[in-house]
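Novice: Fit chain B to the known structure of chain L by using the hints.
If you read the sequences in order, they're chains L and B.
The numbering used here applies: residue 1 is where the first sequence begins, and numbers increase by one.
The numbering used here applies: residue 451 is where the second sequence begins, and numbers increase by one.
Note that these hints are calculated values from the structure, not bench results.
We put the beta carbon where it would ideally sit given N, CA and C, even for glycine.
Take these hints with a grain of salt, some might be off.
To be verified - Straight-line distance between alpha carbons at most 16 Å, and here's what the computed EDC-like set of lysine to aspartate or glutamate pairs gives:
(1) K70/L to E639/B
(2) K37/L to D131/L
(3) K487/B to E145/L
(4) K94/L to E595/B
(5) K544/B to E530/B
(6) K544/B to E145/L
(7) K385/L to D361/L
(8) K835/B to D811/B
(9) K37/L to D83/L
(10) K544/B to D533/B
(11) K487/B to D545/B
(12) K835/B to D666/B
(13) K487/B to D581/B
(14) K37/L to E98/L
(15) K37/L to D95/L
(16) K37/L to E595/B
(17) K487/B to D533/B
(18) K520/B to E189/L
As the list claims (entries may be wrong) - Pulled a few chain L residues facing chain B out of the computed Cβ check, cut under 7 Å:
(19) S56
(20) R65
(21) T75
(22) D131
(23) Y426
(24) V430
Chain residues, written in single-letter form:
2 protein chains.
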Amino acid sequence: MTVQHRPRIVIIGCGFGGLEAAKALRGADVDVTVVDKTNHHLFQPLLYQVATAGLSAPAIAAPVRHLFRKQPNVTTLLGEVSDIDVSARMVRLKDGGELAYEHLIVAAGATHSYFGRDDWAPFAPGLKTLDDAFDIRRRVLLAFEAAERETDPTRRAAGLNFVVIGAGPTGVEMAGTLAEIARHTLPGEFRRIDPASARIVLLEGGPRVLQAMPIDLSQRALEQLHTLGVEVRLNARVVAIDACGLDVLPAHGAVYRIDSSCITWAAGVAASPLGRLLAQSVEVQTDRAGRVVVEPDLSLAGHPSISVVGDLAAAQSYPAGQQPRAVPGVSPAAKQMGRLAAVNVLRRIAGQPTAAFWYRDYGNLATIGRHSAVVDLVLPLGHYKFSGYFAWLFWLFAHVYFLIGFRNRLVVLMDWAWAYWSFARYARVVTGIAPRAHGQPPPASGCPDS
Amino acid sequence: MTVQHRPRIVIIGCGFGGLEAAKALRGADVDVTVVDKTNHHLFQPLLYQVATAGLSAPAIAAPVRHLFRKQPNVTTLLGEVSDIDVSARMVRLKDGGELAYEHLIVAAGATHSYFGRDDWAPFAPGLKTLDDAFDIRRRVLLAFEAAERETDPTRRAAGLNFVVIGAGPTGVEMAGTLAEIARHTLPGEFRRIDPASARIVLLEGGPRVLQAMPIDLSQRALEQLHTLGVEVRLNARVVAIDACGLDVLPAHGAVYRIDSSCITWAAGVAASPLGRLLAQSVEVQTDRAGRVVVEPDLSLAGHPSISVVGDLAAAQSYPAGQQPRAVPGVSPAAKQMGRLAAVNVLRRIAGQPTAAFWYRDYGNLATIGRHSAVVDLVLPLGHYKFSGYFAWLFWLFAHVYFLIGFRNRLVVLMDWAWAYWSFARYARVVTGIAPRAHGQPPPASGCPDS
Chain L
1 MTVQHRPRIV
11 IIGCGFGGLE
21 AAKALRGADV
31 DVTVVDKTNH
41 HLFQPLLYQV
51 ATAGLSAPAI
61 AAPVRHLFRK
71 QPNVTTLLGE
81 VSDIDVSARM
91 VRLKDGGELA
101 YEHLIVAAGA
111 THSYFGRDDW
121 APFAPGLKTL
131 DDAFDIRRRV
141 LLAFEAAERE
151 TDPTRRAAGL
161 NFVVIGAGPT
171 GVEMAGTLAE
181 IARHTLPGEF
191 RRIDPASARI
201 VLLEGGPRVL
211 QAMPIDLSQR
221 ALEQLHTLGV
231 EVRLNARVVA
241 IDACGLDVLP
251 AHGAVYRIDS
261 SCITWAAGVA
271 ASPLGRLLAQ
281 SVEVQTDRAG
291 RVVVEPDLSL
301 AGHPSISVVG
311 DLAAAQSYPA
321 GQQPRAVPGV
331 SPAAKQMGRL
341 AAVNVLRRIA
351 GQPTAAFWYR
361 DYGNLATIGR
371 HSAVVDLVLP
381 LGHYKFSGYF
391 AWLFWLFAHV
401 YFLIGFRNRL
411 VVLMDWAWAY
421 WSFARYARVV
431 TGIAPRAHGQ
441 PPPASGCPDS
Chain B
451 MTVQHRPRIV
461 IIGCGFGGLE
471 AAKALRGADV
481 DVTVVDKTNH
491 HLFQPLLYQV
501 ATAGLSAPAI
511 AAPVRHLFRK
521 QPNVTTLLGE
531 VSDIDVSARM
541 VRLKDGGELA
551 YEHLIVAAGA
561 THSYFGRDDW
571 APFAPGLKTL
581 DDAFDIRRRV
591 LLAFEAAERE
601 TDPTRRAAGL
611 NFVVIGAGPT
621 GVEMAGTLAE
631 IARHTLPGEF
641 RRIDPASARI
651 VLLEGGPRVL
661 QAMPIDLSQR
671 ALEQLHTLGV
681 EVRLNARVVA
691 IDACGLDVLP
701 AHGAVYRIDS
711 SCITWAAGVA
721 ASPLGRLLAQ
731 SVEVQTDRAG
741 RVVVEPDLSL
751 AGHPSISVVG
761 DLAAAQSYPA
771 GQQPRAVPGV
781 SPAAKQMGRL
791 AAVNVLRRIA
801 GQPTAAFWYR
811 DYGNLATIGR
821 HSAVVDLVLP
831 LGHYKFSGYF
841 AWLFWLFAHV
851 YFLIGFRNRL
861 VVLMDWAWAY
871 WSFARYARVV
881 TGIAPRAHGQ
891 PPPASGCPDS
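One chain only, chain L, in its complex shape:
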C-alpha cells in the first residue's frame, strides 16, 4: 500500500535561519519537521548578558515547540543529527530514529573555533550556547569570590585579571560589561578586595576593534572602551593559553604573559561539523571555516533538494544590477537565507524557478556598555553613523524588538530598566559549582606566583 503524503521538509537547526525557514512555511501544504540539539531557540545577540549575569536564561531562550504551537504543519523534535543519507533522502538521529525528506534545509549554524588549538578550550570557553554562558558566568563570579578568600596579594591581583580574546561584537560587549560589573555592580559588596581594581584586557589580533564596522566607528568604540577602563591591545596574537593565564605576541616586541583564571574566547567561528559531513556525502566544497559553498538559490550544486542557510553556508548575495558579494555571518543574513530557502522549496514543489539570494544589509550595531554603542545604519535614504547615548538607546530597542515573543521583550526591558537604575545585575546565581568535566575552572591556587 502506498500512502500519498504531503511533501516532507526537514529543517536541521532552529537558530535564526531554521526558525525563519519554518515560519515561512506556515500554512503551506507540506509536513515540516524541525530538529534541534536543544529545546530552545536562543537569541544569541544577548547571550553575553546571560554570561555577565544581566539576564536569566529564559529571558532570551524560547522553547522551540512553543513557538510552533499554532503552526500545525510543524513537528518539533529534540535530537542530534548523526548522518544525512543523501541517496536515501534520510536524516539519521543519534540514539536512533530517522526522518525521511523530500526537501532538506540545513541550518546547523556555527561553533567557536580555536584555530586548531582545541586544547585551549578548557581554559578559554567561547560563547555560543546557554551552557557556555553559565560556564562564563560561573568563572567571572567565582573569580571575585576566590579573590575575596585569597590571602596572597600577588595571587589576589592575578585573580582579578579578566581577559577577552577577540574584539568583534561579542568580545567588545563582554569586555565592556565586565568593566561595568567591576566598577559599578560589585563595589560595596566586598570587604577584603576592591572589585574596581580588576583589570579587563581585550586582545585583538587585527589592527582595530569591530572590524566589520566603518573605521571611524571602530575608533569611537575604542574610545568608549577606554572610558570604561578596558585595556585594549590591538595587533596582539595569543600564542598559548593554560589554566593560569596566557602568552601574547605583540606586533612589536617579545611575547609577554598575562596571569588570569578567567579568559573568554570570542575570536574564531567555525561552521558546524555537519557541514563537513554533508560535503563528504554530496561532494560539494567547503571553505576554510568549514562552511558549505551553496548555489545562488542556496541549494547544493547537483542536489536541489538540499539547501544550506545561515552561518553554515558560504553564500553570495546577488543584488540586482550589482556584483555578487559574500554574505556576512550575522543574524539578519541567516533569517533572510532561511526565508528564501523555504520559499524556494515551495517554488520547487510548484514547479517554478527558484530565486537567487539577495542580502538586504541594513547595517550593523554593537554596544560597549552603559550609554555607549556604535551604530552603522544603511537605509534607502542614506547611510547613518552614530555613537554614544543615542546609539545605545537605538541598540537597546532594536534588540528588544527582534527578541522572540512578547513576554520576553517585556521581561528584558524591565530587567534592563532595573539594572539601569540600580546598577545591580540580578542573575548573579552560580550553579554547578561542581564543574562540568570539560569546562573545569582552573584551580587558581595551583598557579605559580608570578
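Specialist: Same frame as chain L, now just chain B:
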C-alpha cells in the same frame, strides 16, 4: 603585638537560619563572617517552581553578598567548611583558609535522605538546591521530548509516567504542578503524543498526604490532587528504584512495578553532614536524622560559644507556661532560631543571661495547583482552616511577601500573573543536556519492554 579586635562571629550557611542570624547582628559592634557553599540565598519554598519551569533561578535566589552590601560588619565568603576545630575555635575551609571565631552559629541545613539507599539517588533526584531543580526540570521536559521521538507505543506510554515519592508539601506541589503542565501547558505543542495522557503518580508511605496538616486539610488536599488527575497511593512503600522505574509495596497485596524515567524524591530529609562532624568533636548527641541536640538557648551543652539553628538543630520550643515541644523543620522556625541565636550571642558578649527558644507557630500552608491550596492558620484570635481558591490566593501572597528582595517579589508576581493568564511556563529551558556525571538521566530506550 596584640591587636584588640571586636568579637568575631562566624555563621556557617546562609539559608533562612543563617541569613536571619546575620541580619539580627546589624549594627552590633562585632565582626561577622558568613560562609556558604553557594553564592546565593535560596528561597526553597519556591524551588519546585524552578524544577517545573515556572520560575527562573534568579527569581528565587539572591546573591548573599548583595544582601549584606549595606551591613558593613558582615564579610561574605564562598566556601565549604571541612572542619570545625573547637579547641582552637577555628573553622577550616576546603581548598585552604581558616576562620577564627569567638562565637559560632552553625546553620548548615539539611539535604535529602534516601534512608540508607544512596544508590537510588541517580534515578530519583531530590530537590534541595538549584542544581537539583535544573536536574529535575531537564528530566521532566526531556521525558516529553523523548516520548515525541519514541515509536514504540509501550515505551512511549512508560516515558510519560511521572512518579513523585513522598507527599509532604514539596511532593504535593511537584505532583500538582506536573499534572498542570501535562494537562494545561503542553497540549497543542506535540504532534505525536498527547501530553495530557501523562500519568502522575504520588507515592506516600504514610496513611495521608501533608501529615503535618490537620487531618481534614489532608483530606481536602487529597481531593484537590484527584481533581488535578494525580494518582495518589497512600501506605505505599518504595522497595527498589532503578533507571527504568520502581517497585512499590502496597499496604495490602504484592509488590508491583511502575515504569518511569522521571522519578522525584521528596521523601526523606537528613541533617547536613556537618552535624555529625560537630557532634564528634564536642561529644554532643545527634538524633536519628543526624540533627544536633541543642540546649534550650540553642547552644551546645558545655560549649556555649557554639549554637546550632535551623534544620540542623534538634531543638525544643519552650512556650511560657507550657510543656516544651519539638520544633518542626520549617522555614519560620529556622528564621526564629537564627534570630534568637544571634541575640543570645550579643547577650553573652554583654555578660547577660541567654533566653530559651520559643517557637511561634503561625500555622502551615501548602499549594496543590491552580486555585488549590490548604491553609492552617494559627493566630492569637483563633485557629483558621481553609482550602481552595482563597487558600491559593493566600498561599501566593504569603510566598511573595516572604521572598527576599523587592525586585524578586515583583518578578515572581509578574511571572505568575503571566502563567495564570497564558497557562504557559516560560522557563522551559533545558541546559546541560550532556548531563552531570552523578545525575545522569537513564537511557529510556535501554529499558526492557514491560
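Novice: List in ascending order the numbers of the hints, as given earlier, that are violated by the structure.
Specialist: As far as the earlier hints go, not one is violated by this structure.
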